[in-house]
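Enquirer: Spelled out, the chains give:
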Amino acid sequence: MARLLNRLTTQPTHFTLALKIALLSGMVAFSTASFADEPLKEGITPATDASQIPTAAKLRKETVVAGISEPQGIFNPYFFVNGWDENVTNVIFSRLIDWDSHGKLVPGLAESWTISPDNKVYTIKLRPNLTFSDGSPLTAEDVAFTLTVLYDPKYDGDTDITLANIAGGAEYKAGKAESVSGLKVIDAQTLQVTTSQPGATTLAKIGGPVLSKAYYGKGYQRGNLDYLRTLHGKPLGNGPYIYDKYIPGQEIRFHANTHFYRGTPPTPRFIYRVTNPSTNFQLFQTGETDYDAFTSRPDDIEQLKMLGFANINLYGSSDYSKVEFNVHRPALQDAKVRQALIYGLDRQKLIDVVYQGYGKVAIEPIAPISWAYNADGVNPYKYDPAQAKKLLDEAGWKPGPDGIRVKDGKRLELTLLVSKKVLNDALIPIAKENWQQIGVLLKPQVVDFNALMSQRKAGNYDLASFSTSTLNDPHDGVWDYYSTEAKESGYNNPQVDKLINEGNAELDTEKRKPIYHQLYKVLADDPPVILLGYREILSASSARVTGFKPDIYNGLTGSLPDVKIVK
Amino acid sequence: MGNFILRRRLQTVPMLLLASLIIFMLFAKTPGDFIDGNITLTAARAAELKAIYGLDQPLFTRYLHWLGQLLRGDLGFSLQYQIPVSQLLNQYIWNSFLLASVALVFYWGIGLAVGIASALKPNSLFDHVVSVVVFAAMSFPTFFLCLLLIKWFAVDLHWLPVGGMTNTGSDESGWAWVMQVAAHLALPVLALVMLQAGSLTRYFRASMLDVVKMDFIRTARAKGLRERTVIFKHALRNALLPIITLLGFELPGLFSGAIITEKVFNWPGAGHIHIDSLAARDYPVLMGFTLFLAVLTIVGNLIADVLYAWADPRIRVR
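Chains W and R, in that order, give the protein sequences.
Sequential numbering of the first sequence, starting at 148, is according to the numbering used here.
Sequential numbering of the second sequence, starting at 135, is according to the numbering used here.
Check before you lean on any hint, since a few could be wrong.
Said to hold, decoys possible - Residues on chain R that point at chain W, a partial pick, calculated with CB under 7 Å:
no. : residue
1   : V289
2   : D290
3   : L294
4   : N400
FYI, nobody ran anything at the bench for these hints, they're computed from the structure.
We treat Cβ as the ideally placed atom computed from N, Cα and C, and that holds for glycine.
Next up, chain W with everything else stripped away, as it sits in the complex:
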């Protein structure tokens, strides 16, 4: 019986939902007070008292342990399904080209690269004497092999290489060519990649992790990738650490790679231990982990501070949350109605309630940490119910007898698709109340994420709330609004299309900046979505180790080559 109850409590019930809403409205009242006392600054707040380091941690002389949520055991950088496995592959595999902490591309395994004046031909030069962790050489052949596999018709991983538009890729995929003609190995250290059209994200797509042709390519034939699956649990890479062992549901072990191109990492062993948000603090507190991510709530931060031995890292995420308009709906075709809905929503209150000081209201589809972020002259849509009412009046929606606006006999009723998460728990009551005041009736529908996406695809919605995934390039933040990609929402603005194309065709960061700035202004005037917020990410490391400098583009794995145990 108790087991049955367990199952029930994992499902949201009307009661728990009502309770949450009640709690949240309580939080609205208190939120201003709770983060008034010195919020944590972005960056690293060092530990105050290293003597508090737990004994269990001190006993581990050569091993650093970091928490991870749900690895699934697919340790191949091009085949994993969830981001946790990506965290694992990042330890084992290095990228050709890395990101710096602002999302700019910097050399990795590739020493340098040149791009032809028409932005279509990339010549990538590898560092000399690169090897895989087994000592075998890493050459341009391996890079070409890696990219070829991504064009295989049976390739079912997450990387969509077709967006890189490598010449001859489509022919190879369709079986019309024996190899991808755009990939040319000049010599062991140089690869030339020819693309059919310029693309800002192309270099990052080409510059990913490298698979060993000798190891992963043994027996490769076009259209047959099944054999690769047997290697998912036996990765061979070239990253800072070498994979040792995976114990499902418990831990993943690594040891330092003496062949690592930046030199052997100072810590001999590294372990990912499976933790979860309900007990990861206790595991960190008792010294069973040296590093873990936590929610950026004032309570959690206070607890971490009280431990004394925690170096607290706070950094901005690169995703953003949004409510998408279904522009197919007659009422939402009018930009004035969409603008009114943004003016009429107190997003500052929403962000304060949800992130309690550790999040910002979003005003453009890129996070502030990116080089492309520039809020100058972009309409911030400050909460202004009067302006919202004025816009609705102008659009012809007049208040009906019960206060809900009516036009041509139709009431302004909107459905909102949401999945269960903290942001949405707060969004529903706030949006409902705010919009009621300007004469819009909101009908929320809580479904799970896949159901939300499927209903959205079927067009069964007026508004849909979801967040983007982590965005590395400003193009990733806007491609969704391109008319041919926005089939679900029906958003179509030729000027937006033009600017997205321009931004994607230009590869020089300085020249891209004004294009995106212009694009963000246009998107604000003809909004495809209500931008909600950017969040901040909190992690902590024990004072026992130094060198953790996480940021959203590199995560903790970017620091691994420098992580040291303090003697």
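Guided by the hints, dock chain R onto chain W, whose structure is given.
Expert: Just chain R, lined up with the frame of chain W:
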């Protein structure tokens, strides 16, 4: 008896077929599929992937394909773990089985002991104290109880580990390994026993007290048998009859994992893969695992029936 078992076994075949159909339809009709949840995909790429996974096929074709696989003893291939479903389940269900069976031994033991003690001396002080303790434990919310146990025994007292199944990075084997696992088992088992013992204790107690009131017990006592013999030989066997059915139903639960308890204690059990697979719409895992549980339920029922028939010959005659 052999005839009875054979007949009961034949009845399970249509039941399994029906179960497979219901399970398939239930999951296939849930809105959203494995690809839908990935928002980074362009429409063209999503269509390509659906074709690779066969998700673009009509429902009936997909069901027949799945059924064909099942008949060959193949549970399919997990989309999100990229390994055969049977291999995936094998990684996790034995841990759940270990945790659940150790807990089961304890709470059945407690249930039986309390039931017998109550029958011996109903409404005694012991009876009352046990009832209060057991009900108090049962009324905690699972999540809260687990966290409380962690706070007391792991964080404050440092007696037991916070979670997991073995020490991080440990390469122990043999006895040392057993001791480690036992230490990690202690808290989750304690939590499960506290949560489960209550209802069972109440059930056993009621069952024993019912039997003790019956005429044949009075007859046994009148014959001058010792109280011990009356309770353990005559009353207990009869009180166990309804409980056998209950035991049959425990079988699927041993493998399915106590979701919240396993999650809080980071126990590498099967509970969370069920939840994850549902969130990710990993149909092969969902269907394979649910079907496995359906089979266990049917088998559990079968075992209960056979035990029942063994304990009460009247059933076999029908």
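Enquirer: Please go over all the hints and tell whether each is borne out by the structure.
Expert: Structure-based check of each hint:
no. : hint : verdict
1   : V289 : holds, 5 Å
2   : D290 : violated, 10 Å
3   : L294 : violated, 11 Å
4   : N400 : holds, 6 Å
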